[in-house]
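Q: Sequence:
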Amino acid sequence: MEIITRPSAMGKSLRMLKKDRGDAILETVKWILHSEAVLGSGTGSGNQNLTFFRSSSGTNDRQTNLKTDGQLAKPNEFFLYGITVFCPNGADVADIANLFNFGVLRFKISGKEYVNARLHYVPPGGGIQGYGYADSVGSPTTRDFVTNGVPLPNTYYNVSVMKKPLHIVDQESFEASIDVIGGGDFNTAMPVTYGLHGILARPTV
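Numbering follows our numbering, in which position 193 of the sequence shown is assigned residue number 190; successive positions increment by one, without gaps.
It cannot be assumed that every hint is accurate.
Said to hold, decoys possible - Each computed DMTMM-like pair below joins lysine to aspartate or glutamate, with the alpha-carbon atoms no more than 25 Å apart:
id, residue 1, residue 2
1, K71, D58
2, K64, E24
3, K71, E110
4, K27, D58
5, K161, E24
6, K109, D176
7, K109, D182
Just so you know, these hints were derived from the structure itself, not from any lab.
I would like the entire structure built from these sequences, with the hints used as guidance.
A: Quick look at the structure:
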C-alpha cells in the first residue's frame, strides 16, 4: 500500500492511501469504532463473556458504528492504536468494581490474539482523572469509590508496537471481547462500550 498526498479543492493537502491491489483511493480520518454489549445480572453473572462488533444488523450509531459484523466492509481499512472501555455514568458502583476487578480484555485479528490483559490495566475513558463513582449510602468512611480504569497518562490501552498500529484490512475478521472470570453476581444489567481508537481509511466518494 502506497501513501500519497494530493491537493484538495480547498487548497489543502489530503493524506491518501493508494491500494496496491486495486485502483481505490482512500482518505484517512481519525476514527473511533465502538460497540455496546449488555452485562447480565443475577445468579451466576460473575462468570460471563461479552462480545462486541458481532451484531450490527438492526442497531443504531449509539450501539455501534460498524455496519458489517466482525469486519470492515470493502475497501475500508483501519489502523488501530488503542482500546478503551466505558461504563455509563450513574452505573452501580459495586458492578463497576466487579467488572474491572474480574474482567479480562481480549482482542484478536484473524484468530490471532493481540490483547489479553486484566481490564483494570485499561486507562479510564475520562482521561487521566477518569470518571469517579461513589455510592450514596453509608457513612463517609464506608462509602465505596471506584474509577473506570487506572490513572495512566494515555487516553487508551496502547496496542501499537514501536509506534506502528495494528492494521485491519477490509473483510478481515476481528474479535473484541471481555470475559468476567470469578466475580460476584452483578446487581443490575449494565451496558458496556468497547472502543477501538485509530485511523479509518475510507473511499473518497
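Q: Determine for every hint whether it applies to the structure shown.
A: Taking the hints in turn, this is what the structure says about them:
no. : hint        : result
1   : K71 x D58   : holds (19 Å)
2   : K64 x E24   : holds (19 Å)
3   : K71 x E110  : holds (23 Å)
4   : K27 x D58   : holds (17 Å)
5   : K161 x E24  : holds (19 Å)
6   : K109 x D176 : holds (17 Å)
7   : K109 x D182 : violated (31 Å)
Checked against the numbered hints given earlier, this structure breaks only hint 7.
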